[in-house]
Amino acid sequence: MSPQPFDSLKGFAVTFRQMFKKPITQQYPEYKRPVYPRFRGRHRLWRHENGLEKCVGCSLCAAACPADCIRVVAAENTPGNRVSPGERYARIYEINLSRCIFCGYCELACPFDAITLEAEFEISEYSRDDLIYTKDMLLAEPVKRMPVADRDLYDTPTPVWKAES
Amino acid sequence: MVRVTIDGQEVLAPKGQGLVETAASVGIEIPVFCYEPRLGPPVGACRMCLCEVEGLPKLQAACTLTATDGLVLRTARTSEQAAGGQSAILEFILLNHPLDCPDCDKGGECPLQDLTFRFGPGSTRMQFPKRTFDKPIPISPLIALDRERCILCYRCTRFSESVSEDGQLVAANRGAQSIIATFEDEPYRAHFSGNVLELCPVGALTSTTYRFRARPWEIQNVPTVCGLCPVGCNVWATTREGKVARILSRNHPEVHEGWLCDKGRFAYDHLRAEDRLRTPLVRVRRRGFEEASHEAALDAAEAGLRAAGSSVVVAFSGGETVEQATALARIVREGLGSDAALLPDDWDAALDAFRAPLSAIRDADVCLILGDDPVVERAPVVDLWLRAARRAEAEVIAVNPAGDVQAAPGSAAQVCADLREGKKVPTELRETAKSLKSAKRVALVWSEDDPTGGRHVGALANELHENGRAEVAVYVLPRTPNGRGVATAWYTVGEGRSDPPGEGEIGALVVSGDEAASDPRVADLAARASFVLTTAMFQSELTAWSHVVLPGTSYLEREGTYVNLEGRPQRLRRAVVPFGPDELEWLAQLAERFGVAIDPWAAPTAAEQADLPPADEFAWSRPDPQAPPGKPAGPGLELVRIGALFSGAAVERIPQLQFQRPAAEVELAHEDASTRGIAPGEAVVVTSNGTSRELRAGLNRKLRVGVVRIPAEHAKDFGDRVQVSRLSTGESR
Amino acid sequence: MSGLYDAIRSVAARYPESRSAILPALRLAQQEHGGWLPPEAFRDVAEALELTPAYCRAVASFYDMFHLEPVGRHMVEVCTNVSCALVGAQQVLEAFEGELGVAAGETTPDGEVTLRTVECAGGCGWGTVVVVDHRYHEPVRPEDVAEIVRELRDAS
Numbered sequence: 016m017s018p019q020p021f022d023s024l025k026g027f028a029v030t031f032r033q034m035f036k037k038p039i040t041q042q043y044p045e046y047k048r049p050v051y052p053r054f055r056g057r058h059r060l061w062r063h064e065n066g067l068e069k070c071v072g073c074s075l076c077a078a079a080c081p082a083d084c085i086r087v088v089a090a091e092n093t094p095g096n097r098v099s100p101g102e103r104y105a106r107i108y109e110i111n112l113s114r115c116i117f118c119g120y121c122e123l124a125c126p127f128d129a130i131t132l133e134a135e136f137e138i139s140e141y142s143r144d145d146l147i148y149t150k151d152m153l154l155a156e157p158v159k160r161m162p163v164a165d166r167d168l169y170d171t172p173t174p175v176w177k178a179e180s
Numbered sequence: 017m018v019r020v021t022i023d024g025q026e027v028l029a030p031k032g033q034g035l036v037e038t039a040a041s042v043g044i045e046i047p048v049f050c051y052e053p054r055l056g057p058p059v060g061a062c063r064m065c066l067c068e069v070e071g072l073p074k075l076q077a078a079c080t081l082t083a084t085d086g087l088v089l090r091t092a093r094t095s096e097q098a099a100g101g102q103s104a105i106l107e108f109i110l111l112n113h114p115l116d117c118p119d120c121d122k123g124g125e126c127p128l129q130d131l132t133f134r135f136g137p138g139s140t141r142m143q144f145p146k147r148t149f150d151k152p153i154p155i156s157p158l159i160a161l162d163r164e165r166c167i168l169c170y171r172c173t174r175f176s177e178s179v180s181e182d183g184q185l186v187a188a189n190r191g192a193q194s195i196i197a198t199f200e201d202e203p204y205r206a207h208f209s210g211n212v213l214e215l216c217p218v219g220a221l222t223s224t225t226y227r228f229r230a231r232p233w234e235i236q237n238v239p240t241v242c243g244l245c246p247v248g249c250n251v252w253a254t255t256r257e258g259k260v261a262r263i264l265s266r267n268h269p270e271v272h273e274g275w276l277c278d279k280g281r282f283a284y285d286h287l288r289a290e291d292r293l294r295t296p297l298v299r300v301r302r303r304g305f306e307e308a309s310h311e312a313a314l315d316a317a318e319a320g321l322r323a324a325g326s327s328v329v330v331a332f333s334g335g336e337t338v339e340q341a342t343a344l345a346r347i348v349r350e351g352l353g354s355d356a357a358l359l360p361d362d363w364d365a366a367l368d369a370f371r372a373p374l375s376a377i378r379d380a381d382v383c384l385i386l387g388d389d390p391v392v393e394r395a396p397v398v399d400l401w402l403r404a405a406r407r408a409e410a411e412v413i414a415v416n417p418a419g420d421v422q423a424a425p426g427s428a429a430q431v432c433a434d435l436r437e438g439k440k441v442p443t444e445l446r447e448t449a450k451s452l453k454s455a456k457r458v459a460l461v462w463s464e465d466d467p468t469g470g471r472h473v474g475a476l477a478n479e480l481h482e483n484g485r486a487e488v489a490v491y492v493l494p495r496t497p498n499g500r501g502v503a504t505a506w507y508t509v510g511e512g513r514s515d516p517p518g519e520g521e522i523g524a525l526v527v528s529g530d531e532a533a534s535d536p537r538v539a540d541l542a543a544r545a546s547f548v549l550t551t552a553m554f555q556s557e558l559t560a561w562s563h564v565v566l567p568g569t570s571y572l573e574r575e576g577t578y579v580n581l582e583g584r585p586q587r588l589r590r591a592v593v594p595f596g597p598d599e600l601e602w603l604a605q606l607a608e609r610f611g612v613a614i615d616p617w618a619a620p621t622a623a624e625q626a627d628l629p630p631a632d633e634f635a636w637s638r639p640d641p642q643a644p645p646g647k648p649a650g651p652g653l654e655l656v657r658i659g660a661l662f663s664g665a666a667v668e669r670i671p672q673l674q675f676q677r678p679a680a681e682v683e684l685a686h687e688d689a690s691t692r693g694i695a696p697g698e699a700v701v702v703t704s705n706g707t708s709r710e711l712r713a714g715l716n717r718k719l720r721v722g723v724v725r726i727p728a729e730h731a732k733d734f735g736d737r738v739q740v741s742r743l744s745t746g747e748s749r
Numbered sequence: 293m294s295g296l297y298d299a300i301r302s303v304a305a306r307y308p309e310s311r312s313a314i315l316p317a318l319r320l321a322q323q324e325h326g327g328w329l330p331p332e333a334f335r336d337v338a339e340a341l342e343l344t345p346a347y348c349r350a351v352a353s354f355y356d357m358f359h360l361e362p363v364g365r366h367m368v369e370v371c372t373n374v375s376c377a378l379v380g381a382q383q384v385l386e387a388f389e390g391e392l393g394v395a396a397g398e399t400t401p402d403g404e405v406t407l408r409t410v411e412c413a414g415g416c417g418w419g420t421v422v423v424v425d426h427r428y429h430e431p432v433r434p435e436d437v438a439e440i441v442r443e444l445r446d447a448s
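Protein chains in written order, with our numbering: chain D, 16 to 180; chain A, 17 to 749; chain L, 293 to 448.
Hints are not guaranteed to be accurate.
Straight-line Cα separation of at most 30 Å, DSSO-like style, residue types lysine-lysine; simulated pairs [to be verified]:
id, chain 1, residue 1, chain 2, residue 2
1, A, Lys440, D, Lys69
2, A, Lys151, D, Lys69
3, A, Lys259, D, Lys150
4, A, Lys151, D, Lys150
5, A, Lys440, A, Lys151
Under 8 Å between C-beta atoms, here's a sample of chain D residues computed to sit facing chain A [claimed, not checked]:
id, residue
6, Val71
7, Cys73
8, Leu75
9, Ala78
10, Pro81
11, Ala89
12, Ala90
13, Thr93
14, Pro94
15, Gly101
16, Glu102
17, Arg103
18, Cys118
Chain D residues, not near chain A, derived (Cβ > 10 Å throughout) [unchecked claim]:
id, residue
19, Ile39
20, Glu45
21, Arg48
22, Gly56
23, Arg59
24, Asn65
25, Gly72
26, Ser74
27, Ala77
28, Arg114
29, Phe127
30, Leu132
31, Ile147
32, Met152
Derived from the structure by calculation, the hints contain no laboratory data.
Beta carbons are placed, not taken as given, at the ideal position from N, Cα and C, and that holds for glycine.
Based on the provided sequences and hints, a complete structural model is requested.
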């Protein structure tokens, strides 16, 4: 006799047991699960504490990018327009997020820790053009675009490494 | 041949060959920074090439050694001592080198980066603050100097001292305090200053026009040919995102040995000048010009040309490709039935008998320079070859108003005749004649406009060859980049040479290019023409008298063939795509309407060979030309106009090149100045033909008495003779 | 300025190549310009020798005996090369600085004395060597400095 009915019953038992457990449905998008420390979400460009941009426009991220989605056009800092600490700064810094594969190589390549991949992952848009992120967008805090019940409780998740350190 | 052992490998090398080349011939690399054979003998300044030589107790700088029999060399590959030495040298060089590779324009194409990566230590033991300087220091509007990055290899100063011989970039101070500097705050103003950018093995000297514009992994390099002077230097056009970002040299050892003049290197940005014509313009009565569609412009051009019948004159600018010139010549000669052309340069094909690569100048025993124009202003790189010849102990004799033999202005043809006849040689030419007679290899350089197409100097060359049994090379320097090619194209298409445009009304005038538009002779013709069709890159007062203006393109936007002053056909490659159809496409469309079939692209032709075609058998068969009579003497001083290299439509549109443009200066002989009581630098009034202009006086101790030299752009409306006097404002020194 | 031009030309005539005369020419120019070489001096030398001012300045900046800045009437030169440094040249120099009230490379406010360090003056056996107006004092110890300065002040 084949073991077939017993095996099926075993399976049903597993399913049946779940009915008495508490469901773990996540109320996404109102509630977002914390992401893991090395999660690679949307890029962020950073500033020094004195307000200058960390990025000097060296294009190493563009060189490292396997998807060729970063475009950097550099220019020279002048006394009247000082953007970054060095001689050069990124006049244009664009990431085409529709091409980005979120590999994080740009972060590795960056000699100044100017670019990091952060926790934000809600980056869908209605138009592809809107997926080209400019320098201003990358320098700013992520836009909280989801209507949520309680902003403090539910909005853009804090990464674990930030919450616990 | 001698036998050298490198890393256990036996190499046969010619005696005296540098060890760097000898090792390279068997695929062994000896890393170097300062070593550059084009700069003259090695100096061993950077010590990067340290190698172990058997029998010598210490590491040796391999770049200063030459192949000798039995030499046993061990490079870093096989010798631990050498590897340690090279690594230590790199650590030492990097002591004061800032860690700003992400900022530095050289990053990614930097020999110091590459060699450190391969031969250097992974870390430094330096714990003290690094030496700092102000940076960047603009040593000229074109070049930024970063002294922190400088590793004192002395390549740039060696170039300045012993290649271009301008002596302006020097190493000041001593030892650890040495810095690269110019005199006081003066800019590095020299025709070839840009070459130090390419020589610098680190990011110490960077170009202000390329500064932060691209990184090496973001660019494409297009191999093409410079189209700004008749030398035809081979270049890389570096493009990024569809724009030319810089020009680098592409070493052609027979043409320019890898050196470029500043015009060729920095004038590329005129492609993006604001006043560039982008759409065709058609004259509308009373309202001036109006933008027109391509079709409408062609219709207007066709109508104008048809109305003119065969009374058409075409003015070439000498910057056209051979294909373009051929197309235009066919439209005019075949389609319209006119044989009237204004050619910028004439060219006698018989001169091919004395054809030689430019590098032959360096091998000559005697170089004779004829003509009033300074060679460096007409064909800059030829001047470098002449300097190389002088360094190689050749006798370089300039016969011109400011030369070694101070000939009268405009007397080059007479000098040729005097030297040719051999008898009754004027006293001042006697030495020259003697040198020419005893020379085995002679280079003759003709540096002024010659309506006979080089017959005078050709006849002299023939004489030297026939009677002196010398190998003779003749270089007639055309005024325009492709003057030779355009003239040849014109002659090939139709029968005979060009009918000179006669007096009276002209049906239509076709002006091809900006240089033609700025020619005063063309302005004369335009005044008499009832229809003017112009192709120009820029809108200016020069296109004002046109009826139809078609937007032109630059040499960086075309495919085609240029023939340089040697007669070498070279291929132009399109580095960037122009915004509209280029001239060849226009011409093809226009030609169709006149029943002439022209390919709208420059097909690769048999002429497309980088090698110089061999000279024909000696076939000089021209009758001896008559030298034109000398100009009659008159009151005042004789004026020589200098067509400066840094002038013209392209240079005018580059802000960084403005400091290179000729100063408003009149060059006076020392004696003429002192009889007039003029001190150097003083403001003087120059009067001629009823025009007077205030210029600064410059003294030249080598200038012939009774002659003044003024850059052409400051000598407009002057006659052949000028009066020079002190500014009579009463302020006396 | 034609006096200097002619003087340099006549010196240059003694050499096979005129540029070889650069050191004597710079010396002449330095005499002409009151003990130092202002930018005009380099232009004059350059014109006379058919060189460039930049080259002349580079040569002058290499040698210790050419001054690129105005100097005082008297010159105190302290050797700080290895041999002298080993026997306390630094202390001697500091003593001079204290005594004269100026740092090395400077001239006293009254324009009398210039204090400077030089490369080896050639008296390595008797360090520290101090050269005062081309006269050698050797060996000099910090305690001798006051005496030297007093002599110098008395002389002027």
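Tested hints:
1. A:Lys440 <-> D:Lys69: Since the Cα atoms of Lys440 (chain A) and Lys69 (chain D) sit roughly 79 Å apart, the hinted pair is violated (cutoff 30 Å).
2. A:Lys151 <-> D:Lys69: holds, 20 Å
3. A:Lys259 <-> D:Lys150: holds, 23 Å
4. A:Lys151 <-> D:Lys150: Since the Cα atoms of Lys151 (chain A) and Lys150 (chain D) sit roughly 27 Å apart, the hinted pair holds (cutoff 30 Å).
5. A:Lys440 <-> A:Lys151: Violated - the C-alpha atoms of Lys151 (chain A) and Lys440 (chain A) are around 62 Å apart, more than 30 Å.
6. Val71: holds, 5 Å
7. Cys73: At 3 Å from the nearest chain A Cβ, Cys73 (chain D) passes the 8 Å test, so the hint holds.
8. Leu75: Holds. Min distance 6 Å.
9. Ala78: holds, 5 Å
10. Pro81: violated, 13 Å
11. Ala89: Since chain A brings a Cβ to about 4 Å from Ala89 (chain D), closer than 8 Å, the hint holds.
12. Ala90: Because about 6 Å separates Ala90 (chain D) from the closest Cβ in chain A, which is inside the 8 Å limit, the hint holds.
13. Thr93: violated, 12 Å
14. Pro94: Not OK, violated: Pro94 (chain D) not within 8 Å of chain A, min 13 Å.
15. Gly101: holds, 4 Å
16. Glu102: With a minimum Cβ separation of about 5 Å from chain A (threshold 8 Å), the hint on Glu102 (chain D) holds.
17. Arg103: holds, 5 Å
18. Cys118: violated, 17 Å
19. Ile39: holds, 46 Å
20. Glu45: Fine: 42 Å to the nearest Cβ keeps Glu45 (chain D) off the interface.
21. Arg48: holds, 36 Å
22. Gly56: holds, 25 Å
23. Arg59: Check passes; 19 Å lies beyond 10 Å.
24. Asn65: The claim stands: Asn65 (chain D) keeps its Cβ more than 10 Å from every Cβ of chain A (closest is about 18 Å).
25. Gly72: Gly72 (chain D) is in fact no farther than 10 Å from some Cβ atom of chain A, at 7 Å.
26. Ser74: About 4 Å separates Ser74 (chain D) from the closest Cβ of chain A, which leaves it inside 10 Å; violated.
27. Ala77: The assertion about Ala77 (chain D) is violated, with a minimum of 7 Å to chain A.
28. Arg114: holds, 16 Å
29. Phe127: violated, 7 Å
30. Leu132: holds, 19 Å
31. Ile147: holds, 15 Å
32. Met152: The claim holds: Met152 (chain D) sits with its nearest Cβ about 21 Å from chain A, beyond 10 Å.
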